[in-house]
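In the order they appear, the protein sequences are chains D and B.
Counting with this note's numbering, you get residues 1 to 107 for the letters of the first sequence.
Counting with this note's numbering, you get residues 1001 to 1251 for the letters of the second sequence.
Everything labelled a hint here was simulated from the structure, so no lab data went into it.
Computed from a predicted structure; not experimentally measured.
Keep in mind that a hint or two might mislead.
[Stated by the list, open to error] Computed footprint of chain B on chain D, listed as stretches where at least three residues anywhere in the stretch have a Cβ under 8 Å from a Cβ of chain B:
# : region
1 : 4-12
2 : 93-102
[Unchecked claim] Below, a sample of chain D positions facing chain B; criterion: calculated Cβ distance under 8 Å:
# : residue
3 : R22
4 : S83
5 : L86
Backbone N, C-alpha and C fix where the C-beta goes; we use that ideal spot for every residue, glycine too.
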Amino acid sequence: MNIRVLIRLPATARPGEVVEVRLLLQHPMETGFRPGADGRTVPRNTVRRIEASFEGERVFAADLFPAIAANPYLAFALRATRSGTLAVSIEGDNGLAQRETAVLTVT
Amino acid sequence: MTRARLAMAGLAGALALAAGAAGAAGFDTRRSGYEDMSPSTQALQRDDTQNPAMLWVSDGEQRFAADCLRCHSVASLRGVAARHPAWDAASAKPVTLAARINLCRTRHVKAPALAAESDGLLALEAYLALQSRGQPLAPDGTLALRPFRAQGERLFQQRFGQLEFSCAQCHDDNAGRRLAGAPIPQAHPTGYPIYRLEWQGMGSLQRRLRNCMSGVRAEPFAYGSDEFTAIELYLKQRAAGMVMESPAVRP
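Start from the sequences, fold in the hints, and give me the full structure.
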């Protein structure tokens, strides 16, 4: 099942400008340590890895761990040299494997 | 009395009415819980690209487009969240925004009602509340609401639970002081539904009220109960004129 992902970046940028990319993921980030209402441990369900590439070039990668709160927010800087597509891939438990894209136009 | 002075008196009266809980000095001493938050939490709320509630808003936008756009335009829903709970003539009862959404679903969309506190209902609520952001809370003035609002005020003053606290003892008498290190807010519902960091999720005003009730070791009212609707009516009246900040973030 896909999770909701918001990717925010400026629609346009000047060549050489450093822009901030913001990711917001709707995910419970269940640690695997908590007991549920029935007393049994709730199985771990977290995002494990996030990778971002711009036109095929890796620009950001992060491993996520159970200590990260639900609905993780990540931000990273990107130097805009040319127009292109930012592709973000998200992997995690329960077969989570998702790809989201956003377009950056350099003028 | 000259006409100008009469106008002045009228204006002052209107202001006092709008202020509701204005202080003895005559100016409005009400403050949103936003002002007592840490700067980082405030920043989280102010910036839509960081506010986690926007995940629910974008879900609500899709649900709205799928089910509601046949009858409602987005523009027509400005101020709706600022007015609710409002009078529903068909059932001759006040209804909260969440109840209104479900009534609309069962009556017009012919879809099953969404469960209380479900992501779908919170998403629609958050999307509607966002349409009223920046507007003053403007409670429904229907006369029939008066007894319900009075009931809400009584419940607000009534002691509950093993600790025997009323809402008013903390949020009227001791607001601004601290309870075990946490500031006691004045309890103005300006930002619901909220993303609460403690919940790591979204929740309605009723969820927050249930938190307080279990805090004083009382048995909380059920979601959607008449008691909660009455309390919501009173709280919205108490905060009338304050600016909506939904969807808010709270610690």
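Which numbered hints fail: The structure breaks hints 2, 4, 5; every other hint is satisfied.
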